[in-house]
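Novice: Add chain B to chain A, keeping to what the hints say.
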Amino acid sequence: MYINKKIGLGLLFCAAVLSCKKSVTQVKEVYFYQPSHFPAPNYVPPSGVEGEELFKIGRELFYDPILSSDNSVSCGDCHKAIAAFGDPGHRVSHGVNGALGTRNSPPLFNLAWKSSFMKDGGINHIEVQAIAPIENPVEMNLPIWEALQKLKNNAHYRNRFYDLYGDTLQSAHFLKAIATFMSGMISANAKYDQVIQGFDAFTASETRGAELFEAHCATCHSGPLFTNNAFLSNGFMTDDAGRMVITGSQEDSGRFVVPSLRNLAYSKPYFHDGSVNSLSEVLDHYQSTTNLKDLKSNIILTEQERTDLLAFLNTLNDPYFINNQNLQP
Amino acid sequence: MAIIAMATMISCKKDNKETENNNTNTITPSMTIHVENVWNGLPLYLNDTVQTLSSKIVFKTLNYYMSNFVLEDINGDFHHISSYQLLQNSNTINDLEIELFDVPSNEYVGLQMMMGVDSLKNVSGAQEGVLDPANGMFWNWNTGYIFTKFEGYYNNGTTSGDFTYHLGGFTGANAANPVVSVPFGADILSTEAGIPQLHILVDWKDFFEATTEIDCANMPTVTMPGMMAHNLSLRWHQAIHFDHVHQ
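Chains as they are written, first to last, in this note's numbering: chain A, 1 to 329; chain B, 1001 to 1247.
Be a bit skeptical, because a hint or two may be false.
[To be verified] Looking from chain A toward chain B, a few residues come up when the C-beta cut is under 8 Å (computed):
#1 103
#2 123
#3 127
#4 131
#5 132
#6 135
#7 137
#8 141
#9 144
#10 145
#11 170
#12 171
#13 172
#14 246
No lab work stands behind these hints, which were simulated from the structure alone. All C-beta atoms in this analysis are idealised placements derived from N, C-alpha and C, irrespective of residue type, glycine included.
Bound-form chain A, shown alone:
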């Protein structure tokens, strides 16, 4: 398995290097790759024939409501490609029986570079992340043991997994398939990425915006992932205890994982409860919040500076990602 991974990675790296030298296009055959300007991933899905098959089964499962208790809700219902895999226009999502969640459905991308999952970081490995929404009564409401039985009783999935592993289906098999598909949600083709790799240049406004970003935002929203994966508070408080639920530490009250700032144009509304509807309101918050627990200071910008900063943030939007056919049903 380790030999497979090393050679597979080498093979994929070659493919990635070749694709970077062309103009930006979709490399349809490669389901996971290492963008050359990204750090090493935390998780590398299986490669080769196994990886390709797991990716395809995982994609099917992602869009299949079989993973919900009444066959009405799939992952893709609250994670839509058009919204960078967030839930377009929804403050919180509704699951089985119209139940409402409490936290905004986050956009999904560059997941293989994350060290923890969920806003409170309660999940420590991508392969077991899917268990949480599948089992959550207000999301898909299906205990994972029952999900396993449903897939065992479904000839299509049973046979595909049998062809792959030649064994009785275990939850690790379908969880790895979902994790492999999730790993393939890579967003690294925004204008920012082109500029970083020397294929494009910022406008004057974007350049000024980049400097403002560096001065005011980059400590926590550090590139190229645009998050440092830390649990911090930007001063916006609700009764959601956030990270404290996991660590039990009072200091962590109201702290959430720093979200990536990629694909903001597609993934509104913002903040952990989805209550902030525009980037303009986001900047208003940073300008006026009195809760400076983890912020150095308020961020006070002139109109021109706002325009420039928003122009820079716009370079993090990746239309190739939201139009990637490989990630759609």
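Specialist: For chain B alone, coordinates are given in the frame of chain A:
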């Protein structure tokens, strides 16, 4: 390079299948551990009514992990046997067999095991067999195994209700996966001829009462990592008893 890569991947897959076939035909256990759940020495089944100092107790669920077995030999050296076991008590089954393989040929005077799952397995993603997260012994919201799960009903004459104890947490001072020692007393367990049988008892009256009795009325639920789970897990040291060895 691409051709070599493909060839290697294909040949690795074949090798795994062949190894599996060989293993299923030739492996026999080196020793067997019988773990019997009892209450005050008598067999304990789910739905039995039993008595603590203060309360009537009925267990509806009684499951726990054992792993990381370490045998101490007659010279004082320790031998680690990798094995993960999930013991689940039922209405009709209170004693469970654990087969240990690849135990070095030696004479042993004691056993240690972890009552739970080690921290490495708690951060390694989706696993199979007894470590499958679908066994009902895995938290979906705070990744990690539930090491010991016991649920049921208590009645202390004044108050009554359900108790729900899910003990987990694998990091730091509040880890709830203690390593328990079971010396064999005057007995020696030898793997030099035949398959020896080790019998140990888990006395749940000792677990419930320990130094102080679990206060179901004031703390009926522990379902997250932390100090309460840790403190409950320490009762394993008082609950496990060596019974006997026979060859």
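Novice: Take the hints in turn and mark each one as holding or not.
Specialist: Hints, one by one, checked against the model:
| no. | hint | in the structure |
| --- | --- | --- |
| 1 | 103 | 12 Å, violated |
| 2 | 123 | 5 Å, holds |
| 3 | 127 | 3 Å, holds |
| 4 | 131 | 4 Å, holds |
| 5 | 132 | 5 Å, holds |
| 6 | 135 | 5 Å, holds |
| 7 | 137 | 11 Å, violated |
| 8 | 141 | 12 Å, violated |
| 9 | 144 | 5 Å, holds |
| 10 | 145 | 4 Å, holds |
| 11 | 170 | 5 Å, holds |
| 12 | 171 | 4 Å, holds |
| 13 | 172 | 4 Å, holds |
| 14 | 246 | 6 Å, holds |
Checked against the numbered hints listed earlier, the structure breaks hints 1, 7 and 8; every other hint is satisfied.
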